[in-house]
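S.K.: Here is how the chains run, residue by residue.
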Amino acid sequence: MKNPLQAVKIGLLLLPLSLYGQPGWSQMMAFARQLPTQTAHTTAETRQLREVLQSLKSHYRVDILFEGGLVDKVLVPADALDFSQRVEYNLNKVLQSTPLRYRKVKEGFYMIVSDTKLRKKNLSAVRTDSTADGRSIASFVLPDKVVASNRPLAGLAIAAEQVVTGKVTDERGESLPGVNVVIKNTTRGTTTDATGSFKFTVPNEATVLVFSFVGYKTAEEVVGNRSNFTVVLTADNKSLKEVVVVGYGTQRAQDVTGSVATVNQTAIKDLPVSSLDQKMIGQVAGVQIQQVSGAPGAGTSVRIRGSGSLGAGNEPLYVVDGMPYSSGLNQNLNPLVFINPNDIESITILKDASSTAIYGSRGANGVVMITTKQGQLNRTQVTASVMRGVQAVPQKGRPQLMNQQEFVDLQRNKIDIAVRRAENRATTLADYPVEYRNPDQLVGKGTDWYDLLLQAAPIQDYNVNISRGSTDSRISASLGYFKQDGVLRYTGVERYSARLSMDSNLGKAFRAGVSLQPTYINQSRTNTNTSREDVIGVANWANPVLSPYDASGNLIPYLVSPQSKYHSAWNFANPLFSLRETAQVQEQFQNLGNAFLEWSILPDLKFKTSVNTIWSTSKFSQYVPSTVGGSNRPPVAGTGSSVNSNGQNFNWLVENTLTYKKAVGDHRIDALVGYTTQKSTTNAINLTAGPYGNDLVQTINAAPAISAWGQAVDQWSILSYLGRINYGFKDKYLFTATLRSDGSSRFGSNKRYAYFPSIAGAWRLSEEEFLKNNAYISNLKLRVSYGKSGNNNIGNYSHLASINPGSYVFGSNQVSASYVGLANPNLTWEESQQTDAGIDLELFNGRVSLTVDAYHRISRNMLLNDVIPAITGYNTAVVNKGNVRNQGLEITLGGRPITGALNWDINTNVAFNRNKVLSLNDNGDRILSGNNDNNPTNVTVVGQPIGQFFGFALDGVYSDADIANPNLAKTAQVYAGNPKYRDVNGDGVVNDLLDYTIIGNPYPKFTFGMTNNLTYKRFSLGVIVTGSYGGHVMNGLRQTVDNLQGFFNVREEWVNRWRSSDNPGTGMLYGVPKLTPSWGHRVNTMWVEDATFLRIANLNLGYSLPDALVKKSGFISGCRLYMTIQNLAMFTRYEGANPEGQSKNIDNTLSPGFDISSYPLARTTSFGLNLQF
Amino acid sequence: MKTLILGLSLLILSGCTNKFLELYPKTTLNEGNFYQTEVEYILLANGTYVPMRDYEKTFHWVLAELISDNASFQNNTRTGEASRGVIDQFILTSDNVAYSNFWNLSYNGVTRCNKLLSELERPNVTWSKLSYKDRCAGEAYFMRALYYLNLVRQFGGVPLVLTPIGSQEAVNVKRGTEDEIYASIISDLKQAATRFANARDVEETGRANEQAALALLGKVYLTRKSYAEAETTLKSVITAGKYSLQPNYADLFNPASKDYKETIFAVQYSENSVDLSSRFLFWFAPHTSAGAVTKRPNINIIGAGWNQPTQDLINAFEPGDKRKDVSIGFWTGVDWDSQTRAIPYCAKYKPPVSAPDDRCSDNLPVLRYSDVLLMYAETLNELGRTSEALPFVQQVRTRAGLTNPLTGLDKTALQTLIAKERQVEFCFENQRWYDLKRTGKAVEVMNAHGLREKAQKTFLYPEAYTVTPNKLVAPVPNIEVLVNKIAQNPGY
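Chains as they are written, first to last, in the numbering used here: chain B, 3 to 1175; chain G, 1041 to 1532.
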């Protein structure tokens, strides 16, 4: 596809059209509140029940379903309501004097019924109590024989043309009582009874029935000639997620004043990946998740609202069940791999400062809140899932290199020049190595070294979860096993995970709980994205004429390239052999532990104390046998070496919080104060040993000597006070203020403490009289927030001038030798001030939802590793200077263009972020970063985004006329056919570094994601599309595969290189250099490629087995089968394996987008089975 | 329960919050509680030698020996010309890492000296002997002078930094003139000599001392053509009688029994660890010789072959000169072009004594007594006291087995003889390039050498060995021009 974005743009345009185009969109769900109100007299002493129920609905934000006929003309005492009490209390009170009772169908949803039997039998249950956590317990069992009123609604003309009966169930086949069944375009209808059945008289066959129920998607059925229906309503997760997890608590979605996004779990639950960050890709506007490596268990780069920091990292803070878990990119082993995604209940992303400021010095890059599954009230559920799949590397993105003949031609060119130079004569065939004398016999591509390393790799995931809850205690336990072999052979990751959580009421006022989450990982890895010398690097340039196997089919460890007197080429270790023999194994065990005690001091006042711990122990071992060589480094017997490291980390957090929730009249207040302390200690020992005499025993005991060793002890601690007040007036005007004070060991005593305040306000316009009954707008909220948060990722002891150790020898006397590092006593917090304005809009009863957020973030006191003049004695120093601005716009548009039997949910998001450096160090010097062949690759300058690509501007190749022109600036030792770089500084000489200029921008213009879910009866189809538009990536491997010095195979394009003045090729590709070192492979504009891509990230096709079939088994209650294809297709112009690739060796913040030899992303085809018992 | 929780909370709240947040690195020292006794200062003094050890190991021989007519490299079409090879061929560019690394390590050394000197006068430091303080000061002055001497001899006037500075101040420091740098060096060396004189009771083998400071000062005076000062300074080293010639030249280069009789100052290496060790032979052995020369067949030396003795150097040895076989070895084997021949290599540096890998303990001599004798002779000759100078030259030649008496030499002839004597006596000791520059012979000698090299090695580029006076000063690394905003030397 030439322009991958075209499709998206069209899709976005089509979306609203399809919404409007959908007939009957205005039918909406016939919620009870839409039913016509009949007038009746009210006196001062009494009020209409209908009116009272409406006020309860709006006050408690609950849905109360009732039949018009049932409540009409019922009067209740006017003073029955007490809004300081729970809704149940009020319902009981108002219904006391009536023949009506309520039924709590589920949280936040009540149904008014009239049945005296029910009343007698369940009166005590109806008066529900609340648990200590505020969740209501509805231990309400509907008696079998009881049938809610099925009589036609009052005022309905009974034509008796046709009687229909039916039953409504949820996806799992459970009956749904209280479902509204309404004739389309009328208000005529009924509700289903306790068994989910209904009976109803309809006018004719053409009648369309609309089935609606809170928390479920609305369905429509044409009556036709049927007299009996079975209707399955599918859960609507949009409505279910009414409570969102925020820092230190939960909030009703409608009360949220900040920019908080919840990740839709249904859309992503079956993705065949190892960690939750990979699942989140494309789901949330403003959250850019880059898959920098395809290696099993590798980390992703996550940016929330751009890069706010130069030197202290841009990764968000992850908070797992209240425990600030990790931040920072680890390309080798993703810390999130230790959280089994199947154990996750919800993921919330806090984006603006009013929601992140509560995390103070760690909130500046945004916060990802992860909540794991807990046992549920009065419910026993056992689920099991199986997923198996296969991964393969797509053709797109594989290296396109010269074939054998083209490669030989290049080598011969090189020899021609060497012979001319040495002996001033033309080449004869004898000058070429034997292998290159008969190119006609070398047909085809030759050895595809890249393909040699790859395999079709299995992936599998098995999970069992048991959850059980009673009124008093709840338990959830799960076990998981995940195994992903790498598409790069001999790599892979394996995870064994378990989770156990339980909580229990201890008497009336106390609740306690514990959870344990042990996980063990075993990862086999190899170095990728490091240099041209890693296995993928070598596979990109290895000589195609050579075979990896010897005559008897064994791998040749070390390949000697054909050479001659005038020609040498790089010999290299067979990458497949190296991969097989060089084992790198990381084993890590981690347990997340949590215990809490909650005390309801008063009904509105709760104290909670909790302890969270993370204990982890890791072991890394690597053995490089003596049979593995390197480039021009043949293997030598007796040189095996090993690296072993062992580490432990213990991280504990103690939190004490006091919360107060109270509603008085129109006022609602929710306050929190807390005190937390956290400390982390890491202790690691590493040993490098060798040279081993032989490779038979590879453990340390067989080593003749430990050649290097070390121990690292790292500690940090943080001590915080926090507070928050949420205040709501009439549920229309909402205010939030937070304050956190952090003290951190990472800063000097003078700068140790800092305060992070925030304020936010929201106005729910849709609650105002003029919009309240608007037919189109069901929700409209304006939000604005401002706050300050920090970034403390500067390493543990940066403020102290270290005394660096060393040693020296005088005669035979070895002594310690020290020097003093640079101190920075003024090192302080990086501070981020963010303003956010947002709008939440829901139209047509939630059929269309739109969230738009604009933000402006200024990060001050940037901690940056600045390049400083070497006369200071150092080349870099961490300083607290520089300001960066990020501003942007995030748009999330969701909708349900089609509902009914065929249901289509779509969610699209797009985010624009602009990053600009406002100031740097005092003298405004640019920051150079990155390293490619000792040249920087990125530059950070005031007025531009962070880390622009930096190199020569290539103007083609020098012609003979250029060489003869004395006025043309040239590189040193120049010939026709050499690359012509621009003399940027105009000093008449083309000079490394001094003539480098900005040649690209690593940041996209916008990123986007689109999730589609289509369901038709029992089938479901999900498609996730993600991408980014604009921005560049630097293909670092071009230093090698654009390098004509004759050592490497190069990109196929080089067939069209400059060959002579008469045959200049494309005009941009230089000729075989006459001189070494050559200027041909300097960082230049050619390496900078368009990073725009569009990826069909996932396609998922599912089918739920019919209940009848499933229930025959006797113990299975639900069964879903699915197939997914992850990374189905990638559309990009980028030539490398991954446009989001990022070198492991260089800083991701100051040198973003530098791809060198990335581990390819696999296309995964998987099949899965989810069972419920 | 209520009281328990309240009590617990109060306990936590009132806890020693400051102590909780005061965490110091456990595996390293830090400046907060460092300067207590002489132990800490001795650590810092030891540290001043470290950057020099590192650059002598890897870069200085490229910039002071390989660049000269003494040394070239065994052609290697694979790794041959990158950074080092171009310097041998006198193709000098400001992006060459050899220069930036040398610059960085030099100033890292200077900074260590500056820091030590700036912290030395702290009150409340316990010195068990004040002579330790003098020794530390002497070492800092001496090492700073030596770092600057090498810097000024390479780059000309460089930024003169004598106190610890931060990055802001650094930008304002521009290049000093050569005269300013030399004045500072002379002042430092005088200081060093004075302080070392007070520290004779704590002298240690391998450390710089009074004689080293004076010998180096003599060298600086000679370089500055301050012959009168050179004469008295060098004479004081001779009359002090602390050092004398090692009777057998070969004994100077025996890592198993290091010389401290003649060697006044050397950069010290040990086989104990990778950091402490040198690996000269592993750079210098023919890259085709596998383990034959290095005696360590398990160490790959495919990137070796550097500092190969040139025919010019080989020819400079007179017949019967014992130094030739000590300095130059021949390994007969297959050369880079698949031809078998006797390939010369620098043999002054030896294989490891006992280390299983490429960790060598050969020291790198900086000042030897024979250097003092030859410098003194040169000084006398320049002062017109040619005959007075002859015995000192004779002394060095006799030790080398060249016993024929020196007679009938006029001043010019002795100049030539001393130059040649220095060439062979100190080959591969990083003196040749500085001697050529000091005596003003560099352009002449190097161009003549270039012609011979080109005749012999047809594959050399036409641009090679274009030696012009302005190129005798090395290019300032680009990054410093950019970050430090200092001027580049002309012609780069």
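None of these hints come from the bench; they were simulated from the model. Note that the coordinates shown come from a computational prediction; the quantities given were computed from them, not determined experimentally. Just to be clear, a hint being listed does not mean it is correct.
Said to hold, decoys possible - With a straight-line Cα cutoff of 30 angstroms, these simulated DSSO-like cross-link-like pairs (lysine-lysine) come out:
hint	chain 1	residue 1	chain 2	residue 2
1	G	K1066	B	K883
2	B	K883	G	K1059
3	B	K972	G	K1511
4	G	K1066	B	K621
5	G	K1066	B	K681
6	G	K1066	B	K1076
7	G	K1525	B	K883
8	G	K1059	B	K1076
9	B	K883	G	K1214
10	G	K1335	B	K567
11	B	K972	G	K1497
12	B	K972	G	K1494
13	B	K972	G	K1214
14	B	K567	G	K1497
15	B	K1076	G	K1494
16	B	K918	G	K1059
S.K.: A separate judgement is required for each hint: does it hold in the structure or not?
M.R.: Right, here's what the structure says about each hint:
1. G:K1066 to B:K883: holds (29 angstroms)
2. B:K883 to G:K1059: holds (29 angstroms)
3. B:K972 to G:K1511: Distance of about 19 angstroms is within 30 angstroms: holds.
4. G:K1066 to B:K621: holds (22 angstroms)
5. G:K1066 to B:K681: Status holds; Cα separation ~15 angstroms.
6. G:K1066 to B:K1076: violated (55 angstroms)
7. G:K1525 to B:K883: holds (20 angstroms)
8. G:K1059 to B:K1076: The given pair, whose Cα atoms are some 66 angstroms apart, is violated under the 30 angstroms limit.
9. B:K883 to G:K1214: holds (24 angstroms)
10. G:K1335 to B:K567: holds (27 angstroms)
11. B:K972 to G:K1497: Holds, because 27 angstroms separates the two Cα atoms, which is no more than 30 angstroms.
12. B:K972 to G:K1494: holds (25 angstroms)
13. B:K972 to G:K1214: holds (29 angstroms)
14. B:K567 to G:K1497: holds (14 angstroms)
15. B:K1076 to G:K1494: holds (17 angstroms)
16. B:K918 to G:K1059: violated (40 angstroms)
Of the numbered hints given earlier, the model fails hints 6, 8 and 16; all others are met.
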